[in-house]
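K.L.:
Respectively, the protein sequence lines represent chains A and B.
Note that this note's numbering has the first sequence beginning at 2, numbered continuously upward.
Note that this note's numbering has the second sequence beginning at 210, numbered continuously upward.
Quick caveat, the hints were computed from the structure, so don't treat them as lab data.
The beta carbon of each residue, even a glycine, is placed where N, CA and C say it ideally should be.
Be aware that a few hints might be false.
[As the list claims (entries may be wrong)] Lysine to any residue pairs mimicking SDA-like chemistry, simulated, CA-CA at most 20 Å apart:
| # | chain 1 | residue 1 | chain 2 | residue 2 |
| --- | --- | --- | --- | --- |
| 1 | A | Lys6 | B | Lys445 |
| 2 | B | Lys296 | B | Thr434 |
| 3 | A | Lys161 | A | His129 |
| 4 | A | Lys6 | A | Lys62 |
| 5 | A | Lys161 | B | Glu214 |
| 6 | A | Lys161 | B | Gly223 |
| 7 | B | Lys445 | B | Pro283 |
| 8 | A | Lys6 | B | Ala335 |
| 9 | A | Lys10 | B | Val235 |
[Unchecked claim] Derived list of chain A stretches under chain B, where covered just means 3 residues or more per stretch with a C-beta under 8 Å from a C-beta of chain B:
| # | region |
| --- | --- |
| 10 | 11-19 |
| 11 | 25-31 |
| 12 | 42-51 |
| 13 | 157-164 |
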Amino acid sequence: MDLVKAAQKGYEDAFVQLFDEHHLPLFRFAYRMTGSVADAEDIVQECFLALLRPECTYDPKRTPVRTYLFGMVRNQSLKRLRKSGFGVDQTPPRSPETEFLRGEMENAVARAVMELPDTQREVLILAHYEQMPLAEIAPVLGLELGAAKSRLQRARASLKGTLAAYAPSLERKQ
Amino acid sequence: MNDIELDQLLNTWGTPSVPASMRASVRACFHARPERKKLRWPRRFLFAAVVLGLVAVTLALPQTLSLISPRAKPPYVVDSEVVRYAKDGTPSLEVSIGSYNNNGSEIVLYNNSPSLLTTMWLDVEAAGSIVSRLTLPFVFRPDQLEKLRATAFVRTGLENYALGSADALLSTCVGGRANETILDHPTVAVHSKLDERRRMTLWMAPDLGCFALRITIVERQPDGTLRLILRKQATKVTLNR
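Next up, chain B with everything else stripped away, as it sits in the complex:
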C-alpha cells in the first residue's frame, strides 16, 4: 500500500456533525460562569488594612511569646505605672507597662491603658517599632546603625527618650553609689537633661541590668520653680530564674 492509498482509506472515516445544542450550551455556560470579583477602592483599602493588622499582630506576637517560652524569657520583667500630672497637679494614670532592659534600652513586652485609644496607639507603635528594627539595616549606613544600637532608650508611656550613649549610662549606673532601694533593689539616681526646660531623673537598678525602677520628669516653670510632669514607678519585679 502506498501513501496515496493509505490517505484514501483514512479519508473514509468521517465524523458525525457537531451536536446542534453545543453552541447554545456553551453560550449558556458563558453567562453562568462566576464573575471575576473586582475589589473596589474602599474594599481594597480595608483589605490592605486587615493585612497590615495581621502583619502587626504577627510581628508583635514574638513579644508575647517571649513570656510564654522559657527559652525566650527575659531575665526579669518589671511592671510599672506611668502617671502624668496636670498643671494643677492632678495625677492620672496614663499607662501600665511590662518591660525589661536590654543593653541600656527598654523593651516593652506589654502595656495597658485606661484609654482604649492609648492602648491601640501603643500596640501600633510597638508593631511599628519592630518593623523599623527589621528595616533599619536597609535605611542606615553600618556606622549610623552602630551608633543607634549604642544609644540608650527609655520608655515613659507614650514617649520614648534617647539618653545618649548606653555604655556611658550603664557605667554611671554600675559605678554609682546606691542611694535608694525600690522593691528590694538598690538603685542609683542618674540625671539627664532632656531640653532647656525639662530634666529627667532615673533610679536605675544595677542588679536589673540598670533598669530604671523609677523615672521622673520635671519641667522648669516661667517663675523658676520645678513642676513634676511625669512619674514612672515600678510596682512589681518578676525575676525569671
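Chain A extracted, bound-state conformation:
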C-alpha cells in the first residue's frame, strides 16, 4: 500500500517511515528558503500533517510524494517570507552566536543566496543543494523545463557576480 494512503488510514509506522525518508532534504530546503530553523521546523511539520488531512489533494498516480512535499514546503516558505516581510533585499536575522560560528565566506554565500529573487533562489537551492534534476524541479515549482533552466542560469550568473570577491580566497583556502 502507498505510504501516504496507509498514513491517512492511521498507520503510524507508515507515517513515520514517510517522515524519515523525506524530512531531511525538506528541512534543508525550508531552512535555505527562510533562513530560520524554527520556521523550517514548522513548515516541514505542517507539510507532513497536511498529508493526513481529508482535504489533501495528493494523488500518487499524478505526482511522486517527494515532488508533492517539496512543492508544499516551497509554498509554505514563500508564504512565510511574504508574511514576515522578509525577502529579496533583506537577510535573515542572525544571532551573535550564529554569526560567530559561521565563517565569513559562509555568511557571504548565505547572504548572496538569500538576496536572490525568490524565483531564482528556489531553483538554485533545489538544483545545487538538493541535487534535484531540472526535470523534477520544474513540476515542484510549476514551471516549464526551459523556464526552470533559465532561472537557474540567471541565479548562477548573479551569484558569480555577487561572490566574485571570494574566488581568490577560495583558491588560497585550497
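Given chain A, put chain B in place with the hints provided.
P.N.:
Here is chain B on its own, set in the frame of chain A:
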C-alpha cells in the same frame, strides 16, 4: 569565476541539524489529529432519510408558497372534507383537503387529517407526486406523456382516481345542465364507472374550472343494493381575484 568555483563557494553554506524534537513532535501531532468520521450503516441510513425528508419539504414548499405569493396563487381554493362510511353506515372524517382544478386534474395544496399517520402519508405522497411529475419526461415516451397529461384525476382522501380524458370530462361539465347549486356555484352531475361494483358521481362547477364540489362513491352490494362508501364535500370556496 567559473562554475566549479561557484559550486565550491556555495558548498560552504551548510545547514543546522534538524532539531531532535521534530520527529517526536510530528508523531505527537499524528496521534492528536482529528479522526476521520465514518458513518456506520444505521447512521448513513438516518442521514439519507433526513436528506430525503429535506428534499421532500423543499419540493413541497412551492405548493405552500403558491398560497402566499399572489403571482403563484391559483384562481380559487376549495376546502373539502372527505368522509368514509363504514359497513354499518358510521361516518368518519378521513381528511380535509385544500385544492383546485388544473386542466381537469385536481391539485392538492394542503391537507389535514385527524390521524397523524394519514397526514404524514399524504405529505409523503404529495412530495412523491411532485418528484414523479419531474421525472415523468425521463420515464415515458412523449406520446405516453401527452396521454397522461390529457387524463383527468380527482382526489378522494387517500385515493387518486383517473377519470379518462380530461377534455371529455370538461366538455360534459361545461355543456351539461346544472342541476344543483353548492356553495353558490351551479354544478353539473357527472357519473363515472370506477369498476364493476363501484360508481363515482361528481358535481362539477363549470365556473370553477369544473372542480368537483361534491364526490360520492357508491358500491353495489351482493344483494344488489347500493351503499355509500365515500363522500367528499366542499365546505368553503375561496376565490383569489
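K.L.:
Compare the structure with each hint and give your call.
P.N.:
Each hint tested on the structure:
1. Distance restraint check for Lys6/A and Lys445/B: the Cα-Cα separation of roughly 66 Å exceeds the 20 Å cut-off, and the hinted pair is therefore not satisfied.
2. Taking the CA atoms of Lys296/B and Thr434/B, the gap is near 13 Å; set against the 20 Å cutoff, the hint holds.
3. For the hint pairing Lys161/A with His129/A, the CA-to-CA distance comes to about 14 Å; that is within 20 Å, so the pair holds.
4. Restraint check for Lys6/A and Lys62/A: satisfied, since their Cα atoms lie roughly 12 Å apart, inside the 20 Å limit.
5. With a C-alpha separation of about 9 Å, the suggested pairing of Lys161/A with Glu214/B holds against the 20 Å cut-off.
6. This hinted pair checks out: Lys161/A and Gly223/B have alpha carbons roughly 19 Å apart, not beyond 20 Å.
7. For the given pair, Lys445/B sits about 15 Å from Pro283/B by alpha-carbon distance, which is consistent with the 20 Å threshold.
8. Of the supplied pair hints, the one linking Lys6/A and Ala335/B is violated, its CA atoms being roughly 46 Å apart against a limit of 20 Å.
9. Using a Cα cut-off of 20 Å, the hinted pair Lys10/A and Val235/B holds, with the two alpha carbons roughly 16 Å apart.
10. With 4 residues bearing a CB less than 8 Å from a CB of chain B, the region 11-19 of chain A meets the requirement of three and the coverage assertion stands.
11. Figure legend: the region 25-31 of chain A, annotated as covered by chain B; annotation consistent (3 residues with Cβ-Cβ distances under 8 Å, at least 3 required).
12. Coverage of the region 42-51 of chain A by chain B holds in this model, with 5 residues showing a Cβ closer than 8 Å to a Cβ of that chain against a need of three.
13. Using a Cβ-Cβ cut-off of 8 Å, 4 residues of the region 157-164 of chain A lie near chain B, which meets the minimum of three, so the contact claim holds.
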